[in-house]
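First to last, the sequence lines map onto chains X and D.
Here the first sequence is numbered in numbering that gives the first Met the number 0, starting from 0 and rising by one per residue.
Here the second sequence is numbered in numbering that gives the first Met the number 0, starting from 0 and rising by one per residue.
Check the hints yourself; a few may be wrong.
[Said to hold, decoys possible] Examples of chain D residues toward chain X, derived with CB under 10 Å:
#1 Y8
#2 G11
#3 L13
#4 T139
#5 C142
#6 I145
#7 F160
#8 R211
#9 D222
#10 R226
[Claimed, not checked] Stretches of chain X that chain D covers, calculated by requiring three or more beta carbons in the stretch to come under 8 Å of a beta carbon on chain D:
#11 76-90
#12 103-112
Keep in mind that the hints were calculated from the coordinates and are not lab data.
Note that beta-carbon positions come from the ideal geometry of N, C-alpha and C, so glycine has one too.
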Amino acid sequence: MSHHSIEARDLAFSYPDGTLALDGITFEITHGESVAIVGANGAGKSTLMMHLNGFLTPGSGSVRVGDVPVTKSTLPDIRRAIGTVFQDPDDQLFMPSVYEDVAFGPMNLGLPPDEVDARVVDALTQVDALHLKDRPPYRLSGGEKRAVAIATVLAMCPNALILDEPSSNLDPRARRRLIGLLSTFTHTKIIATHDLDLALALCERTIVMSSGRIAADERTSDIFANSELLDACGLERPLSMQGCPVCGTSA
Amino acid sequence: MASLEQEIYEFGQLDQMSYQDTPVHRLDPRAKVLTTLVFLVCVVSFDKYAVLPLLPFLVFPVAMASLGNIPGGFLLRKLLIVSPFAIVVGIFNPLLDQQTVFYLGSWGVSAGWISYLSILLRFTLTTLAALILIGTTSLTAICAGIERMGAPDVFATQLLFLYRYIFVLADEVLRMSRARALRSFGRKGMGIGVYSNMLGHLLLRTYARAQRIYLAMTCRGFDGHVRTMRTLHFAPRDALFTLGWSAVFVVFRLFNVPILIGQFITGLVS
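With the sequences and hints as input, model every part of the structure.
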């Protein structure tokens with residue numbers, strides 16, 4: 000089974016209270032692509048993410064991962080192929096120690112103990128957090144929690160990663176380290192974020208959402224050069240593309 | 000609010016103590032749980048006027064605390080914090096049960112005072128035993144232990160999650176009460192009504208978080224059963240620990256050891 004592309008076709012969804020959150024979303028993300036999903040608050044980013052791993056069922060339209068449509072019966076396979084990193088690491092780290100938390104996914108896959116151990120060590124090494132393995136998650140710093148949360152997903156060996164606001168609540172250095180880490184991954188990446196500089200650094204393609212629709216789907220550098228588009232969607236240029244606040248020279 | 004913060008901090012301290020490496024910490028959790036259980040049953044099964052026969056039981060918490068490197072001052076402080084409950088429970092005994100049992104100088108000691116003392120002593124012993132169990136065994140290990148001993152899976156998982164998220168919940172409570180304190184300017188804020196609102200809010204937040212956690216779990220293949228890699232070894236020394244202490248407790252329970260010692264000493268003297 001190939002899980003290497005992610006495709007949404009005419010996706011529409013409204014919440015039970017009647018709010019139309021997604022209104023005809025269509026895109027295709029191919030293997031190895033790194034795509035940022037940006038948009039103002041309430042534009043529908045989170046709702047879209049929830050559809051890609053099957054937490055929400057589309058009102059109409061469909062989502063396909065590789066050649067498999069996302070339905071109830073294919074969910075276990077889909078979720079193994081797509082790793083989701085949540086916005087709040089406290090939601091993701093529920094086991095009593097870092098090691099057990101990273102082992103949780105592989106254990107559920109029914110892998111033998113030495114394979115589980117190898118995967119845990121490998122995933123923690125990738126995010127440079129092996130030294131934390133015996134610590135309880137509630138005694139980690141924000142940056143450490145984020146790294147471990149990513150490791151829990153890596154241990155499942157997913158084909159694609161979905162990251163929801165990966166740089167929120169991180170200090171500048173932890174954020175920089177995270178960007179460095181994510182840039183080393185060869186997985187297909189979908190990153191929903193308000194951190195436009197992160198999008199600029201990591202993603203060659205950006206999808207701009209605005210009130211449940213796709214306002215633009217182009218190369219990242221083109222999107223952030225288009226002031227009119229950004230303004231219409233409640234966004235701004237990334238800080239690194241704005242003028243210097245001290246000397247006033249434009250970027 | 001400082002006391003609430005202090006409480007949460009100290010709870011965290013107890014948790015950190017359980018990660019130490021001492022002979023007591025290295026014991027199998029099942030051995031400690033079982034021994035504590037036998038201890039509790041023996042202590043609470045005395046009749047209501049027992050005071051002297053309870054005293055030898057102090058040996059267990061004292062030995063465990065010193066071997067397990069749990070500071071005595073810390074334990075006493077914890078004991079004091081929960082003591083109002085026991086103090087209030089027995090407070091009317093001396094009034095209700097005024098039959099004089101013996102005279103201490105000119106003061107007639109009533110049966111009520113003795114049963115009150117017995118309640119306080121039992122409270123001290125059982126609370127100390129529980130605190131020491133938590134301080135020498137991580138809750139994860141306890142959960143793994145009771146699950147192995149046949150407790151339902153759901154129960155152990157619940158306990159595990161309760162423990163994991165109590166820290167997150169405590170943080171949320173703290174943030175909320177700080178936010179309230181900051182805008183109530185040392186007064187009562189808006190009274191008790193605000194507290195009910197805060198509680199409702201907390202419940203909703205907890206509910207939303209539970210949903211997100213469940214999503215995160217299903218995302219990683221959760222199917223209703225939490226698998227752990229923990230391997231427990233019930234070694235001979237664990238059996239020795241359990242049987243040894245249990246035998247001691249049973250002896251303490253069946254024989255009035257202080258009286259026996261007293262008789263022995265008077266026998267030697269005369």
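Now for the hints, and whether the structure bears them out:
no.	hint	in the structure
1	Y8	violated (13 Å)
2	G11	holds (8 Å)
3	L13	violated (13 Å)
4	T139	holds (4 Å)
5	C142	holds (8 Å)
6	I145	violated (14 Å)
7	F160	holds (7 Å)
8	R211	holds (4 Å)
9	D222	holds (7 Å)
10	R226	holds (4 Å)
11	76-90	holds (count 8)
12	103-112	holds (count 6)
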